[in-house]
Amino acid sequence: MEAHAVSGARFVDPKVLARIKDLELLARSVVDGFINGLHRAPYFGASIDFAEHRGYVPGDDIRRVDWRLYARTDKYFVKQYEADTNANFSVLLDTSKSMSFASGEVSKLDYAKFVAACLAYLSHRQRDRVGIVTFDKEVLSYVPSSAKHFNVLLHTLEQARAERPGRLLAMLTEIAEHFKRRSIVALISDLYENPEELLDALKPYSFRGNDLVVFHVLDPAEIDFPYRDSSRFQDLESGEEMPVVPDVFADQYRKMIRDHIDALRSKCSDSRIDYVLLNTSKPLDEALFSYLGNRERLMRVR
Amino acid sequence: MSFLAPLFFVALAAVAVPIFVHLIQRERKDIVEFPSLMFIRRIPYQSVERRRIHNWPLLLMRIAAMALVIAAFSRPFFATEAATAAITSSGDREVIILLDRSASMAYGDHWTRAQDEARRVINGLGGQDRATLVLFDRGVEEAVRATTNRGELELAVRQAAVSAEATRYAPALREAQSLLSRSDRQRKEAYLISDFQKSGWERQEEIQLPQGAVLTPVSVSTGDTANLSVSSLAIQRATFSNEERATITVGLINRSGTAVTNQAVRLDMDGRQIGTRNVTIAPNASGSVAFDPVTVAEANLRGIIRAGSDAFARDNDFYFVLSPSRTVSVLLVHADGQPADAQFLTIGLGRSKTPPFKVDAVPASRFTAANLEGRSVVVLNDAALSTAGADLLTKFVGQGGGLFMVLGSRTPVSGAWPLMPGSLSAPVDRTGFRGGTFGSPDYSHPIFEQFKDPRAGSFANMRFFRYRRLAVAPDDRVLARFDDGAAAIVERRAGSGRVVAFTSTLDGDWNDFPRHAMFLPLLHETVKYLAQYGDLEEWHTVGRMLDISAPVASMVRQGQTSMLPGAGRSGVVVSPGGQQTTLGGEGAPAVELAEQGFYSVRLPGTGDRRPFTVAVNLDPAESDLTALPPTDISSAVGTASTTVAGQSFDRPAPTPVDLEKRQSLWWFLLVAGLSLLLVEAVLSNIQSKRLGLKT
Numbered sequence: 000m001e002a003h004a005v006s007g008a009r010f011v012d013p014k015v016l017a018r019i020k021d022l023e024l025l026a027r028s029v030v031d032g033f034i035n036g037l038h039r040a041p042y043f044g045a046s047i048d049f050a051e052h053r054g055y056v057p058g059d060d061i062r063r064v065d066w067r068l069y070a071r072t073d074k075y076f077v078k079q080y081e082a083d084t085n086a087n088f089s090v091l092l093d094t095s096k097s098m099s100f101a102s103g104e105v106s107k108l109d110y111a112k113f114v115a116a117c118l119a120y121l122s123h124r125q126r127d128r129v130g131i132v133t134f135d136k137e138v139l140s141y142v143p144s145s146a147k148h149f150n151v152l153l154h155t156l157e158q159a160r161a162e163r164p165g166r167l168l169a170m171l172t173e174i175a176e177h178f179k180r181r182s183i184v185a186l187i188s189d190l191y192e193n194p195e196e197l198l199d200a201l202k203p204y205s206f207r208g209n210d211l212v213v214f215h216v217l218d219p220a221e222i223d224f225p226y227r228d229s230s231r232f233q234d235l236e237s238g239e240e241m242p243v244v245p246d247v248f249a250d251q252y253r254k255m256i257r258d259h260i261d262a263l264r265s266k267c268s269d270s271r272i273d274y275v276l277l278n279t280s281k282p283l284d285e286a287l288f289s290y291l292g293n294r295e296r297l298m299r300v301r
Numbered sequence: 000m001s002f003l004a005p006l007f008f009v010a011l012a013a014v015a016v017p018i019f020v021h022l023i024q025r026e027r028k029d030i031v032e033f034p035s036l037m038f039i040r041r042i043p044y045q046s047v048e049r050r051r052i053h054n055w056p057l058l059l060m061r062i063a064a065m066a067l068v069i070a071a072f073s074r075p076f077f078a079t080e081a082a083t084a085a086i087t088s089s090g091d092r093e094v095i096i097l098l099d100r101s102a103s104m105a106y107g108d109h110w111t112r113a114q115d116e117a118r119r120v121i122n123g124l125g126g127q128d129r130a131t132l133v134l135f136d137r138g139v140e141e142a143v144r145a146t147t148n149r150g151e152l153e154l155a156v157r158q159a160a161v162s163a164e165a166t167r168y169a170p171a172l173r174e175a176q177s178l179l180s181r182s183d184r185q186r187k188e189a190y191l192i193s194d195f196q197k198s199g200w201e202r203q204e205e206i207q208l209p210q211g212a213v214l215t216p217v218s219v220s221t222g223d224t225a226n227l228s229v230s231s232l233a234i235q236r237a238t239f240s241n242e243e244r245a246t247i248t249v250g251l252i253n254r255s256g257t258a259v260t261n262q263a264v265r266l267d268m269d270g271r272q273i274g275t276r277n278v279t280i281a282p283n284a285s286g287s288v289a290f291d292p293v294t295v296a297e298a299n300l301r302g303i304i305r306a307g308s309d310a311f312a313r314d315n316d317f318y319f320v321l322s323p324s325r326t327v328s329v330l331l332v333h334a335d336g337q338p339a340d341a342q343f344l345t346i347g348l349g350r351s352k353t354p355p356f357k358v359d360a361v362p363a364s365r366f367t368a369a370n371l372e373g374r375s376v377v378v379l380n381d382a383a384l385s386t387a388g389a390d391l392l393t394k395f396v397g398q399g400g401g402l403f404m405v406l407g408s409r410t411p412v413s414g415a416w417p418l419m420p421g422s423l424s425a426p427v428d429r430t431g432f433r434g435g436t437f438g439s440p441d442y443s444h445p446i447f448e449q450f451k452d453p454r455a456g457s458f459a460n461m462r463f464f465r466y467r468r469l470a471v472a473p474d475d476r477v478l479a480r481f482d483d484g485a486a487a488i489v490e491r492r493a494g495s496g497r498v499v500a501f502t503s504t505l506d507g508d509w510n511d512f513p514r515h516a517m518f519l520p521l522l523h524e525t526v527k528y529l530a531q532y533g534d535l536e537e538w539h540t541v542g543r544m545l546d547i548s549a550p551v552a553s554m555v556r557q558g559q560t561s562m563l564p565g566a567g568r569s570g571v572v573v574s575p576g577g578q579q580t581t582l583g584g585e586g587a588p589a590v591e592l593a594e595q596g597f598y599s600v601r602l603p604g605t606g607d608r609r610p611f612t613v614a615v616n617l618d619p620a621e622s623d624l625t626a627l628p629p630t631d632i633s634s635a636v637g638t639a640s641t642t643v644a645g646q647s648f649d650r651p652a653p654t655p656v657d658l659e660k661r662q663s664l665w666w667f668l669l670v671a672g673l674s675l676l677l678v679e680a681v682l683s684n685i686q687s688k689r690l691g692l693k694t
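The listed protein sequences correspond, in order, to chains A and B.
The first sequence begins at 0 in numbering that gives the first Met the number 0 and counts up by one.
The second sequence begins at 0 in numbering that gives the first Met the number 0 and counts up by one.
Calculated from the structure, these hints are not laboratory results.
No incorrect hints appear here.
If you want the footprint, here are the derived chain A segments under chain B, 3+ residues with CB under 8 Å:
#1 212 to 226
#2 232 to 242
#3 250 to 257
Beyond 12 Å from chain A on every Cβ pair, some chain B residues (computed):
#4 MET0
#5 ALA10
#6 ARG92
#7 ALA289
#8 SER351
#9 SER443
#10 PRO473
#11 ALA593
#12 ALA620
#13 PRO655
#14 GLY672
The structure displayed is predicted, hence computed values, not measured ones.
All C-beta atoms, glycine included, are put in the ideal place defined by N, C-alpha and C.
Using the sequences and the accompanying hints, generate a full structural model.
Right under this line is the structure:
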């Protein structure tokens with residue numbers, strides 16, 4: 000994955016972030032640093048800017064009628080502002096047991112929490128409505144999108160534990176039913192599923208007009224497979240054990256995980272889904288850039 | 000190929016270790032948790048099974064290294080005829096023949112058989128075998144040293160003779176240990192040919208032959224140790240009609256399982272049979288027999304006790320010398336007009352029995368040279384001598400006389416007199432505080448030696464109220480001090496004589512010493528010491544050193560020789576075998592009594608008098624022929640083989656140990672194995688680094 004070079008951005012090492020217990024403080028630290036590091040802030044303050052005129056329809060507040068335009072055209076037009084285009088931002092957080100894996104100090108779930116908190120904070124600051132769904136083999140918590148749910152979201156994140164095996168595909172299908180309104184949906188998971196089946200499970204989100212960003216969280220050990228000694232490997236979710244000779248397995252494994260990532264990226268691209276690979280040893284800028292890209296695109300289409 | 004320790008091949012099972020490491024133990028016991036085995040599961044496991052041993056060169060190297068090390072420990076060797084012949088013909092033996100020549104070897108035919116055994120060992124030597132012949136008894140003599148010449152060895156064995164000395168195995172074994180340790184030969188052997196007399200071996204001897212050396216004990220003992228010997232001799236003296244008569248009592252030991260019945264015991268004096276007694280002694284018991292008294296008319300009478308006719312003839316004769324008792328002549332010099340002051344001394348000296356003191360007293364003013372004739376000791380009892388008198392005493396002491404000085408108030412402060420041991424000061428008065436006491440007698444000195452035992456009496460209760468302060472010269476010896484550190488008894492050597500000074504009086508005025516129980520014994524010991532009186536030893540044991548200076552000095556003073564007093568002692572000692580040794584002058588200072596019988600000491604100017612004679616007998620321990628098992632010695636000194644007398648000592652066929660030691664294949668195998676392990680370590684490290692970089 001290519002790194003986004005952001006001049007002046009002060010991204011903090013995930014290992015340092017792991018020591019901050021308060022997720023709001025963590026998110027504020029990361030996001031403020033990230034925002035302040037940008038040379039310009041095209042995404043900031045957009046909500047109070049004028050967006051467009053539209054024809055008056057009965058029921059519209061007459062205070063919003065552009066009387067100057069009426070004077071010129073003798074037609075009623077209503078002003079629309081960016082502030083009126085608040086979006087829903089929902090996080091789908093996979094808390095299956097495989098997310099508890101950590102080869103270093105930061106587990107995949109911790110990293111996912113950081114990402115979720117930062118994205119939620121950024122959205123909340125732009126007056127978006129934020130919500131979260133945590134799940135493993137069933138939905139563990141569902142916080143609907145709301146401008147007032149930021150603190151609830153943070154609390155939900157703090158309570159999230161990766162203790163049970165998951166059913167990602169089934170849960171994605173099930174959760175999709177809850178998204179009636181167009182939203183920005185951030186799926187944070189390690190995506191140990193067949194890419195094609197995964198995309199099938201994600202398509203309903205797109206069909207409903209949601210902008211889906213898939214954050215694929217992987218530990219460096221899952222990518223690089225640095226093991227040397229022959230050992231028995233145990234699947235964290237199923238408990239299955241297998242003898243593994245890294246000297247023999249490593250190359251094949253690395254190729255397989257690369258193919259898997261490529262397949263996911265390719266299929267997501269085909270389905271107009273943003274795919275972001277997150278390495279838990281890297282700073283959070285990848286996630287934030289990806290989110291802001293989507294937020295900008297959503298604003299432009301308004 | 001054969002192996003010295005084939006059991007080590009059991010360790011070949013250890014070869015499985017590297018295989019095990021390569022195959023099984025490559026999987027760690029701890030389990031690695033991994034998020035998902037989704038991809039790993041897709042990799043065929045069969046390929047893992049097939050490739051478990053993925054580094055055959057390393058595995059083979061490790062197996063080979065272990066096998067080589069194990070083979071090295073199993074000590075391989077080639078037992079081929081060629082290898083055996085190579086060792087047999089190599090002639091690299093170092094052989095030490097320890098031949099016992101102690102007196103006990105004269106028993107029966109022991110010595111002849113011992114010589115035969117020695118010859119047998121010599122005949123068994125190979126062409127290049129090197130042998131040393133060591134004759135031993137109490138001491139050790141290398142008769143022939145490290146030679147391959149059999150003839151020289153055989154000649155030495157033939158010329159060797161039984162000595163009169165006692166048996167001691169330790170010096171001989173130490174000699175063997177030393178010789179074998181220095182040898183560069185591969186095979187080291189020692190043969191101990193002896194009757195293995197029990198009395199010659201002490202178990203606490205710490206002797207260890209070098210590694211690989213073999214000690215072969217060869218016993219010539221027949222088990223028959225019957226022997227009757229004279230164990231002791233007592234002489235009781237009595238004077239009858241001015242003639243001294245001696246009653247001789249002989250102690251005998253029967254060391255056999257059968258009783259000795261009516262055994263004749265004969266006493267010969269100067270070659271004449273004096274008397275015979277028959278004695279009956281039970282098995283392994285002792286008895287005694289007393290002869291009629293014999294008149295001791297002159298000195299150096301030669302006596303022989305003859306008892307028994309057993310196989311050990313040497314201890315059937317017991318030699319002794321009989322001389323009249325010797326009287327010590329003492330001159331007591333007292334202050335003019337004060338004979339009463341010497342009362343304690345006169346009475347005390349007259350009480351001595353052994354030896355009797357002949358005491359004459361003279362006032363200091365009438366002391367002349369004539370008073371010193373035939374004197375051994377002069378007692379100067381708190382008297383001031385004239386210069387001439389002092390010179391006479393100086394000369395007397397220089398010629399070997401003894402002077403006992405009692406220092407009182409009348410003794411002048413004279414620093415110039417060479418006999419005064421130090422400078423004399425004014426008397427010390429200690430009457431105010433219960434007087435002084437003896438502080439620390441020198442118990443190592445002959446005067447105090449017999450009082451060393453606490454039960455022999457104490458000097459602590461004596462009180463000294465006054466005494467003269469004597470600043471002792473550095474060369475003089477303080478024999479006793481008072482409790483304040485002042486010298487009490489001091490000795491000075493002057494010429495051949497001795498001077499002892501007592502810094503208080505002996506009249507009972509300055510101290511209570513003369514009234515004390517220790518007065519008499521201490522006085523007698525002091526005068527005996529000054530007279531250089533030695534108890535007459537009727538006989539000596541073989542091995543002692545004879546120093547004739549004391550007896551000769553006594554003879555000179557008593558006028559038994561025309562030698563000038565103070566002249567160098569010289570003479571010729573003639574051994575029982577007729578060997579002459581010159582003593583004194585340029586000759587030896589003393590002679591070792593190595594033979595049994597009578598030694599004659601011939602001094603110049605003795606005229607027709609009998610020569611001074613010394614009787615020498617065997618060590619009594621040699622008469623006890625009880626043998627100990629030869630293995631007791633051989634096992635105590637390390638590796639050994641058991642051989643009985645009469646066996647052939649031909650060069651034996653090399654043992655597997657010899658073959659293995661000679662070939663030393665284990666060394667090469669071990670080096671090869673360790674080298675392989677080293678290479679393996681380097682290779683595996685390189686490979687590990689490569690794998691690490693690749694990862």
